[in-house]
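Q: Model the full assembly from the supplied sequences, consistent with the hints where possible.
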Amino acid sequence: MNEQDPSFWKRVKQTRLSRRGLIHGVAGTVAGVSFLTPKLVLADEGQDSENASCAIASPIPGGVTPFKPFGVVVHHNPLNPANPLAKLNDPSQITDFDGFVGLTHIRGGGTGTNTNTGATTPLAFQADMGFSQGKFVGIDGRQHNRTFAFV
Amino acid sequence: MYTGPAGSASLPLQIHDYNVHIDSNDVFWMILVNHDAVEVNFDAGRASLRVNNLNVFDDHDIANSLTLGLGLPGDPDYPFPAIAPVAPVRATVSFDVEWNGIHDMAQLNNTAQNFKGTFLSTGATIKWSAEQSGFRFESESPDPSRNLISVLGREQNGVFFT
Chain A
1 MNEQDPSFWK
11 RVKQTRLSRR
21 GLIHGVAGTV
31 AGVSFLTPKL
41 VLADEGQDSE
51 NASCAIASPI
61 PGGVTPFKPF
71 GVVVHHNPLN
81 PANPLAKLND
91 PSQITDFDGF
101 VGLTHIRGGG
111 TGTNTNTGAT
121 TPLAFQADMG
131 FSQGKFVGID
141 GRQHNRTFAF
151 V
Chain B
152 MYTGPAGSAS
162 LPLQIHDYNV
172 HIDSNDVFWM
182 ILVNHDAVEV
192 NFDAGRASLR
202 VNNLNVFDDH
212 DIANSLTLGL
222 GLPGDPDYPF
232 PAIAPVAPVR
242 ATVSFDVEWN
252 GIHDMAQLNN
262 TAQNFKGTFL
272 STGATIKWSA
282 EQSGFRFESE
292 SPDPSRNLIS
302 VLGREQNGVF
312 FT
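As you go down the protein sequences, you meet chains A and B in turn. Be aware that the first sequence starts at 1, since it is given in the working numbering, and climbs by one per residue. Be aware that the second sequence starts at 152, since it is given in the working numbering, and climbs by one per residue.
For the record, the hints were derived by calculation from the structure and aren't laboratory data. Careful: at least some of the hints might be erroneous.
What the hints assert, rightly or not - Here are the simulated DSSO-like pairs of lysine-lysine, each with C-alpha atoms no more than 27 Å apart in a straight line:
#1 B:Lys278 / A:Lys68
#2 A:Lys68 / A:Lys87
#3 A:Lys87 / B:Lys267
#4 A:Lys87 / A:Lys135
Unchecked claim - DEER-style ranges, computed between Cβ atoms:
#5 B:Ala235 / A:Pro84: 32 to 40 Å
#6 A:Asn145 / B:Asn261: 23 to 31 Å
#7 B:Pro295 / A:Pro78: 19 to 27 Å
#8 B:Asp194 / A:Pro61: 41 to 49 Å
#9 B:Ala257 / A:Gly141: 17 to 25 Å
#10 B:Pro163 / A:Asn83: 24 to 32 Å
#11 B:Ser284 / A:Lys68: 27 to 35 Å
Cβ coordinates follow ideal geometry from the N, Cα and C atoms, glycine included.
A: Structural data, given as structure tokens:
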């Protein structure tokens, strides 16, 4: 049972890539915009139209692929408590950037509530969050000054 | 978000994963916010990020988030357990993240990754909540002991790295 069929992963990958393409296609058709890229339809409270209308930054070239070979490439270097600060990888998610960055890696707890029944339960969370604030050269080749939340 | 006691973060126990998805340029989980959502006093090792009612997706778990809802197959030779496919749903989150207190400082000039700057290891706390159809979450009060690692940086990368 533990013997690996050499074509197993290839078949799985082909199937999943096909499913991924289907999901992208259906989502784009149903929503009118890509359901998987929310920047055009999501905005912070009070966010101005200039900010809401642009996905203008470029990702850092590096990053990780946590679920290789299935997951997408993540252009982000997660903080690792075991690494000394002197070995820090680029904490920014965007490149061609000059400014402030912040990242956190926090684990805690809280309370979940079923809003239909009122039942509550203790839950745990991990928050990998942060921000970038400063100037960057966008994909339009122009310099911008913006604030991003990493969520 | 996970079932289990505070501090748990095991993939099979994950029941919510809130994020803004990867944008069309492949920028990871970043969304433009108002400038005043972030306040930085770098020299003091302090910063804050405060956002209310941000529209996000709940991908259920990190595996579905990073496989675009396809889950994981599970196999004796694969290092992760089987994770069922789950489609994202809409949610809103509010959060107040505070960086405070310098634990360590480093000047970095990383030619392999083309970035440089001054970086601080700091304390940090978070207070946050989430809301979606049929469910609401409220985190505990901010607790500095929950911080595993947090960093502030004043950096230059890419074309600004010289």
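Q: Which numbered conditions among the earlier hints are violated in the structure presented, ordered from lowest to highest?
A: 1, 8 and 9
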